[in-house]
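These protein sequences, in sequence, are chains A and B.
For what it's worth, the numbering used here labels the leading residue of the first sequence as 1, then goes sequentially.
For what it's worth, the numbering used here labels the leading residue of the second sequence as 356, then goes sequentially.
Please keep in mind that the hints were generated in silico from the structure rather than gathered at the bench.
Hints are not guaranteed to be accurate.
[As the list claims (entries may be wrong)] Facing chain A, from chain B, some residues (calculated, C-beta under 7 Å): (1) P386; (2) T387; (3) G486; (4) Q488; (5) D543; (6) V586; (7) H630; (8) G637; (9) E652; (10) L653; (11) T679.
The beta-carbon is built from N, C-alpha and C at its ideal position, and this holds for glycine as well.
The primary structure of each chain is shown beneath.
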Amino acid sequence: MARIDVEDVAHRYDADAAWAVDALTHTFRDGSASAILGPSGCGKTTWLSILSGLLRPTRGRLHIDGREVTALPPRQRKIAQVFQFPVVYDAMTVFENLAFPLRNGGVAKEELKTRVEATAELLGLTASLDRRASGLPADEQQIVSLGRGLVRSDTAAVLLDEPLTVIDPLRRWEIRQKLRRVHQQTNTTLVYVTHDQTEALTFADEVVVMDRGRVMQVGTPRELFEYPQHTFVGHFIGSPGMNFLPCRLAGHELVVEGHRVPIDRAAFGDSGEAELELGIRPEFLELTSDRAEGSVPARIRSVTALGDHHLVTVACGERPLQVRVPEGAPIPTQRGFLRFPPEWIRLYHDGRLLE
Amino acid sequence: MTLCLEGVSRGGVAGVDLELENGSLTVLLGPTGAGKTSLLRLLAGLDKPAAGRVRQDGVDVHRVSPRKRQVGFVHQRFVNYPAKTVYENIAAPLRQTRGLPTSEIDAKVRATAELLRIDGLLGRRPSELSGGQQQRTALARALVREGGLLLLDEPLVNLDYKLREELGAELRAIFARRSATLVFATSDPSEALALGGRTLVLDGGRVLQAGPALDVYRRPDSVRVGELTSVPPMNRLAGRLAAGMLLLGPGSQASRPSHLEALPDGAYHFGVRPHQLRLVPGASGSLKLTAAVELAELSGSETFLHVRPSEAGQTVLVVHQAGTRPRSIGENVDVFIDPRQLHAFDEAGGLVAASEL
Chain A
1 MARIDVEDVA HRYDADAAWA VDALTHTFRD GSASAILGPS GCGKTTWLSI LSGLLRPTRG
61 RLHIDGREVT ALPPRQRKIA QVFQFPVVYD AMTVFENLAF PLRNGGVAKE ELKTRVEATA
121 ELLGLTASLD RRASGLPADE QQIVSLGRGL VRSDTAAVLL DEPLTVIDPL RRWEIRQKLR
181 RVHQQTNTTL VYVTHDQTEA LTFADEVVVM DRGRVMQVGT PRELFEYPQH TFVGHFIGSP
241 GMNFLPCRLA GHELVVEGHR VPIDRAAFGD SGEAELELGI RPEFLELTSD RAEGSVPARI
301 RSVTALGDHH LVTVACGERP LQVRVPEGAP IPTQRGFLRF PPEWIRLYHD GRLLE
Chain B
356 MTLCLEGVSR GGVAGVDLEL ENGSLTVLLG PTGAGKTSLL RLLAGLDKPA AGRVRQDGVD
416 VHRVSPRKRQ VGFVHQRFVN YPAKTVYENI AAPLRQTRGL PTSEIDAKVR ATAELLRIDG
476 LLGRRPSELS GGQQQRTALA RALVREGGLL LLDEPLVNLD YKLREELGAE LRAIFARRSA
536 TLVFATSDPS EALALGGRTL VLDGGRVLQA GPALDVYRRP DSVRVGELTS VPPMNRLAGR
596 LAAGMLLLGP GSQASRPSHL EALPDGAYHF GVRPHQLRLV PGASGSLKLT AAVELAELSG
656 SETFLHVRPS EAGQTVLVVH QAGTRPRSIG ENVDVFIDPR QLHAFDEAGG LVAASEL
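Produce the entire structure from the sequences given, and follow the hints as far as they go.
Rendered as structure tokens:
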């Protein structure tokens, strides 16, 4: 398995076009499970094509285990790819499908059998080895596609491009578990590209969040959730995303919609910025029916029951905010008060986190 | 309009009885292959039932062509007229109605565009729109005609996650302001809950359960419905009721909770949602299972822990906790279960006693 270093990579499809990706510098560590996360058009697929060798970047360099591969074609990089839709040979059995990349590589018969059987075992395909791939449901075909990526012992990394698009939510859950297990057992370097935060955050140890061709933040799921470096990340990560409210600093407090909210002043240094935004997650806002010191009045606009929690939309001044209330906790009717726990308040200036 | 299916079968649909009241919202919830699209096509009149009857406002519509049935259909893939502006895309169904004054068409197009928040894009063509805006345009075209039947086949499934979340949250309010009879198919349990309305759980071409979304979630008629109505699915525990006790194994027992008092002694399946399992002792009288961690999924805001109980006969459980709680593989944890939160199912998987919590 391998480490991949990306050095100041940029790409545009035409000389006069805008950069599809720009200033990409990142190391995918050997044996890591990473995700590239962002909305449609953010450049994540361009990045993936640059890693696999389908696209040669306009600028910058790429190394696999210290060896420069920027100009190498895909087959010389030993990178396997799993696509949105299963790529299997319908007429072949699952065994033959898994064996295919090995036959291409001229692997001896005995070793081939051992590798195929070990891969099938890992992915729970042993019972299906003699079945024709065309007879399998879409989710199992996708597992076979993954197996084709994992079967070669010299694979440097496996790239997964939105691999669960065609799979139901319930089965996605199962396949994600399978991927995690495979990663824990094989330590293959995996790079998973998706627009779906749940998939990225539960799959990866390290997530690269992109927007408009640039990396906005790299972090563990927890860092992205608790300390979004940018309002875009705050909004994009979390379901629903972070709430934002205009505010200003006044001594040891914030002024939010004309109300004073205490903060941990030391945490924000001496920023001296006037125009600020307060960011707080729906999970951390507290909604009560009684006024308390530092709370802000709010009108209840709607309550949606979502099974294990309620999502409450409140208006603070004219601003809508969302509050996530656990099942069983009381929800005030019509009017309530919002408390902003100081440890969960984040402040942003010009879209960037103040630290 | 009112639509009524009586014992309808064909292809992926087996013996479905269903009544859609005028102006109601029905959500078809089920995995791929459950029969959602087949059922929508039967409702639209695109397919004729092999058995059973479809009545519209009391009249058998067997011979009525779909064009005359006032039916709108929104597909998974956004279908718009590429050469027409957003305005003309939305106006298209109204232009088919002869004699509708231009001023009325204009008022309806603008009001519907505003509802879907695309009123600023009326002069653009579909190719100049984002995926979310294209699907909003397709939805607006389907919603511009008042009344009738509107069928939506997983309309958000091809959207980016964030767009899906945004539009999904608005749809409930948008639907509430329309007079159409709506049927919305989805494979996502949280979408069914967010839309509200009446949920119909489909599996293998059959209706397993029907009722208000939250009722179906809280009171699943069967283990299968419990599994299909949340992600991750309801956990299943094997256990026994004996005299005054509830037992999950030799080392795990508690007093029988009041909602299970009337049940005869014997073996049962018990169902409990992942967020109801705890790793710290909760209410007194909790059941305790010792289990080994197999997998920890961390999303930054939530932790999903997959654990295998040491008691024989139990399968892997998923514990859903708020916050980030890393655990190592193989580590032993104690899982606490409030017996009052357990649904009881018979050995065939049918509900025999629901938890009131």
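Checked hints:
1. For P386(B), the shortest C-beta to C-beta distance to chain A is roughly 5 Å, which falls under 7 Å, so the interface hint holds.
2. Look at T387(B): its Cβ gets to within about 5 Å of chain A, closer than 7 Å, so that hint holds up.
3. For G486(B), the interface hint holds, the least distance from its beta-carbon to any beta-carbon of chain A being 6 Å, beneath 7 Å.
4. Interface restraint check for Q488(B): the shortest CB-CB distance to chain A comes to about 12 Å, outside 7 Å, so the restraint is violated.
5. Interface hint status for D543(B): upheld, as the beta-carbon distance to the closest one in chain A is roughly 5 Å, under 7 Å.
6. The restraint placing V586(B) at the interface with chain A holds, with a minimum CB-CB distance near 5 Å, inside the 7 Å limit.
7. With its C-beta approaching chain A no nearer than about 4 Å, H630(B) sits inside the 7 Å limit, and its interface hint holds.
8. With a cut of 7 Å, the hint placing G637(B) at the interface with chain A is violated, because the nearest CB-to-CB distance is about 12 Å.
9. Because the smallest distance between the Cβ of E652(B) and any Cβ of chain A comes to about 4 Å, under 7 Å, the interface hint for this residue holds.
10. At about 6 Å, the closest approach between the beta carbon of L653(B) and any beta carbon in chain A falls short of 7 Å, and the interface hint on this residue holds.
11. Interface restraint check for T679(B): the shortest CB-CB distance to chain A comes to about 4 Å, inside 7 Å, so the restraint holds.
Checked against the numbered hints given earlier, the structure breaks hints 4 and 8 and satisfies all the rest.
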